[in-house]
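Q: With the sequences and hints as input, model every part of the structure.
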Amino acid sequence: MKRPTLLITVVALVVAAGAAWLLWGGGDAKSTTQQAVSGPYTVQFSADQPRIGGNTFAVVVTGSAPDAVTVAPVMAQMGHAFPPVPAVPDGPGRFRATGVGLPMAGQWEITVSLRGPGGPAQVVFPVLVK
Amino acid sequence: MGSKSKAALLMLLATLGIVAGGGTAHADGAPSGADIQVAQTLGARELTVIIRRVDTTPSPLRVDVVTHQGTPPGALHLAVAADGVPSSRTDVVLGANPGVYPGNLQVGKPGPWELSLSDDTGRKATIPFIVPARVVPPWEKATYGGFVAAGAFLLIALVVGLRARRTAFALIPGAGVVAAIAVAVTGALLSASTPPPPAPGSQLDPTFDNVTDPYANAQLSTVDYSRPPVNLAVRNEGNELELRLTDGATGRPADDLLVHDNALVHLVLVSPSGRLSHLHPVRVGPGDYRVQLAEPETGTYAVAAELARRGGGVQLARSTVDLKGAATPAPEPPGAGPRTIDGTPVELTVSQGTPTTITARFPAQDLQPWLGMLGHLIVTGPITGPVGESAATAPTWAHVHAMVPPVAGQRDRPDETVAAYGPDVGFTYTFAEPGRYRIWLQAERGYRVLTVPAVVDVPATGAGR
Numbered sequence: 001m002k003r004p005t006l007l008i009t010v011v012a013l014v015v016a017a018g019a020a021w022l023l024w025g026g027g028d029a030k031s032t033t034q035q036a037v038s039g040p041y042t043v044q045f046s047a048d049q050p051r052i053g054g055n056t057f058a059v060v061v062t063g064s065a066p067d068a069v070t071v072a073p074v075m076a077q078m079g080h081a082f083p084p085v086p087a088v089p090d091g092p093g094r095f096r097a098t099g100v101g102l103p104m105a106g107q108w109e110i111t112v113s114l115r116g117p118g119g120p121a122q123v124v125f126p127v128l129v130k
Numbered sequence: 001m002g003s004k005s006k007a008a009l010l011m012l013l014a015t016l017g018i019v020a021g022g023g024t025a026h027a028d029g030a031p032s033g034a035d036i037q038v039a040q041t042l043g044a045r046e047l048t049v050i051i052r053r054v055d056t057t058p059s060p061l062r063v064d065v066v067t068h069q070g071t072p073p074g075a076l077h078l079a080v081a082a083d084g085v086p087s088s089r090t091d092v093v094l095g096a097n098p099g100v101y102p103g104n105l106q107v108g109k110p111g112p113w114e115l116s117l118s119d120d121t122g123r124k125a126t127i128p129f130i131v132p133a134r135v136v137p138p139w140e141k142a143t144y145g146g147f148v149a150a151g152a153f154l155l156i157a158l159v160v161g162l163r164a165r166r167t168a169f170a171l172i173p174g175a176g177v178v179a180a181i182a183v184a185v186t187g188a189l190l191s192a193s194t195p196p197p198p199a200p201g202s203q204l205d206p207t208f209d210n211v212t213d214p215y216a217n218a219q220l221s222t223v224d225y226s227r228p229p230v231n232l233a234v235r236n237e238g239n240e241l242e243l244r245l246t247d248g249a250t251g252r253p254a255d256d257l258l259v260h261d262n263a264l265v266h267l268v269l270v271s272p273s274g275r276l277s278h279l280h281p282v283r284v285g286p287g288d289y290r291v292q293l294a295e296p297e298t299g300t301y302a303v304a305a306e307l308a309r310r311g312g313g314v315q316l317a318r319s320t321v322d323l324k325g326a327a328t329p330a331p332e333p334p335g336a337g338p339r340t341i342d343g344t345p346v347e348l349t350v351s352q353g354t355p356t357t358i359t360a361r362f363p364a365q366d367l368q369p370w371l372g373m374l375g376h377l378i379v380t381g382p383i384t385g386p387v388g389e390s391a392a393t394a395p396t397w398a399h400v401h402a403m404v405p406p407v408a409g410q411r412d413r414p415d416e417t418v419a420a421y422g423p424d425v426g427f428t429y430t431f432a433e434p435g436r437y438r439i440w441l442q443a444e445r446g447y448r449v450l451t452v453p454a455v456v457d458v459p460a461t462g463a464g465r
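Each protein sequence line maps, in turn, to chains A and B.
Just so you know, we're using our numbering here: the first sequence kicks off at 1 and counts up by one.
Just so you know, we're using our numbering here: the second sequence kicks off at 1 and counts up by one.
Quick caveat, the hints were computed from the structure, so don't treat them as lab data.
It cannot be assumed that every hint is accurate.
Just so you have them, the derived chain B footprint on chain A, three or more residues with Cβ under 8 Å [to be verified]:
#, region
1, 8-17
2, 34-45
3, 79-85
4, 107-121
Far from chain B by the CB rule (all over 12 Å, computed), these chain A residues [as the list claims (entries may be wrong)]:
#, residue
5, P4
6, G53
7, G54
8, T56
9, A58
10, A65
11, D67
12, A72
13, V88
14, P89
15, D90
16, G91
17, R94
18, T98
19, G101
The C-beta atom is built at its ideal place from N, Cα and C for all residues, glycine as well.
A: This is the structure in structure tokens:
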């Protein structure tokens, strides 16, 4: 009875490999970073799995160091803007905004406003809440 | 040859067949993507920029710049940028003859890109566009994967059936065949009813992630992707018009315009005496569009901007602008009948009724599509008093199209290099109320956009209505 065991193992392995291949790529929601350039600033924006409720956004600014950074969410399809949330410094050129409320699913646009010696600048990053 | 080596050969051939026969499967049977045609009024030049389709990345990107009669020769600097960082540049030298001037750039990855054009003297125009990714939908994965697995199980079943101590053991991989075929057939049957995921660009803000993997957002519950209307503010600065487009609900710059009828913004100006300009302002920043004007007349111009925002829906924003200039006023144009426009004889026929049919006959079947259409007709009225001021407040402002005759099975529309249409350009329009209307009919011939102005009197009663 050695052979059927081996056979069952092979079939099970092939089925498992097939299922893994089918599901591969769809399951892992990754933290994604977007980048935009405005004036002297190069801004990198990352949102950790954006979701309904409070969100944390990380902003990394290179090129010129800003004094103050705010993030302001807008629900693009509803035409509803929310007041800006200040992002607190989190290391050189790094800022972090916590508890940014995104109350519904859909297309959000996050306006990152920078103030500093390099002048004021605004860049917009799309964020999709599922 | 023994049975062992025969079986091994069979196995090898079958495996080779599975590996070699797979190939690349295209969703909907064809690679995604199409040419993007964008009209741009850059400085004194009226250009059509054609961004040719890209199927795979990294890939060369061909950009054709179409010039028109009277476009001054010179060099145009082109660059593409992703993430705000320019990655590829080229110069296109425009000659004195109107025609197509190609440029070659390079794109590295699928996602949102920006093409910039500049001629050193004026503004730098930027055109956002999307390099599509080759996407395999999940049902296709299931179907192809299922059939491949079924083939593999079938081979195992054959080998087991031939070589195992008990033939019944072949039932185990046999069950695998059945399961795999069930997966494949389910995938294939569901393919017809599986809705496509929301499209990055036209429905969602494009990002590198959602262009590469649009099915990650397939479960989004949004049904209406439309956005608020725009507010239009027009300002004149030294014969350069500045158009500020802001979101009607939040006041933020509206930076999500789609290429609609081959332009981001169709700006139509009507001068105080009734001269029409159909221009395509260039995007210089978020919600900031600029256009250079030729010497204007003094007085109030009617301004109308036609555009489409992400999420769908074309909108018309109307306004006025006061200009000062030395251009002489144009005389009132005639009604129907023959006339000569820029050296081209045109016969205009107006057959009154509900609806009214307006037809222009050009000398030959050599018209070119402009903005993807055979002809454009701007109608405004009823007009009383100075045309510019009156057109700005007139109840009717229409932009009527005459389509290029469609060719079955051809997805890409012909560009301006195809001079094979006409000689008749016909429009059908229903006038809402009686009165004196101004109409301007536009068609392209020999790389020159001809504008035929006319007056149409719509009777209150009688045979005409």
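Q: Give a verdict on every hint.
A: Status of the hints after comparison with the structure:
| no. | hint | verdict |
| --- | --- | --- |
| 1 | 8-17 | holds (count 5) |
| 2 | 34-45 | holds (count 6) |
| 3 | 79-85 | holds (count 3) |
| 4 | 107-121 | holds (count 3) |
| 5 | P4 | 6 Å, violated |
| 6 | G53 | 16 Å, holds |
| 7 | G54 | 21 Å, holds |
| 8 | T56 | 18 Å, holds |
| 9 | A58 | 16 Å, holds |
| 10 | A65 | 18 Å, holds |
| 11 | D67 | 21 Å, holds |
| 12 | A72 | 9 Å, violated |
| 13 | V88 | 24 Å, holds |
| 14 | P89 | 23 Å, holds |
| 15 | D90 | 22 Å, holds |
| 16 | G91 | 22 Å, holds |
| 17 | R94 | 18 Å, holds |
| 18 | T98 | 22 Å, holds |
| 19 | G101 | 16 Å, holds |
Hint compliance for this structure: hints 5, 12 are not met, and every other hint is.
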